[in-house]
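Colleague: First residue of the sequence shown: 1, per UniProt numbering; consecutive thereafter.
Take the hints with a grain of salt, since some may be wrong.
[As the list claims (entries may be wrong)] List time: in silico DSBU-like cross-link candidates among lysine-lysine, alpha-carbon distance up to 35 angstroms: (1) 57 with 85; (2) 46 with 65; (3) 166 with 178; (4) 179 with 160; (5) 46 with 57; (6) 85 with 16; (7) 46 with 63; (8) 156 with 179; (9) 16 with 65.
These aren't lab readings, by the way, just hints derived from the structure by calculation.
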Amino acid sequence: MVFEEEITKIFGEADKVRAAEERIQQLRQTGSAAAYASALRPESFKVNWGEAPLKDKFYRGLKDKVKDELVKISRNEYSLDDYMKEAISIDNRLYEREQERNGRYLHPKDEANTKQKRQYKSTSYGTHPGPMDIGKAQVGATNSAPSQQRGARRDKSKVKCFNCDKLGHFARECRAPKKGGWKPVPEAQDVRGTN
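Produce the entire structure from the sequences given, and follow the hints as far as they go.
Modeller: What follows is the structure, encoded as structure tokens:
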């Protein structure tokens, strides 16, 4: 065991650092900037890089749209964490704008309403005599018309088959040979006045 510990002390630590450096070099923003930052940050603790090279690597791995906005601020004025937060903020704003452009953006005024609980009107007021009696609702379900119950057979005496035009069954149950296949109606030609 002593030999393995000595080898690990000599070579193991260098391999861990080298592996972390390779992982950092391969990282790119493919999703959100927050996901990219959260993948980069733990690896940054394993290497002996300063903040400037880490900020540079973080910047180079960002999507171009985020870089275009991030280039407007000075990298030297921010710590690595603050620089990452700024990139995440920019990325979030760009994402919101893209959602807005595509018609899927939840506007801030709508967002405020989603956090409030909806208040439903009670059925015990208004035209109802009082709170609903569950027992009566269950009894009423067994006495309802058969056509309204699930799985109940329908009265097919008035149903007309689309296949054979006879009463009493649906086309899917028809025993007659199927009619000729469906043929699309020819499209009308573009008629323009020719003068």
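Colleague: Sort out which numbered hints this structure fails and list those numbers smallest first.
Modeller: When the structure is compared with the hints, none of them turns out to be violated.
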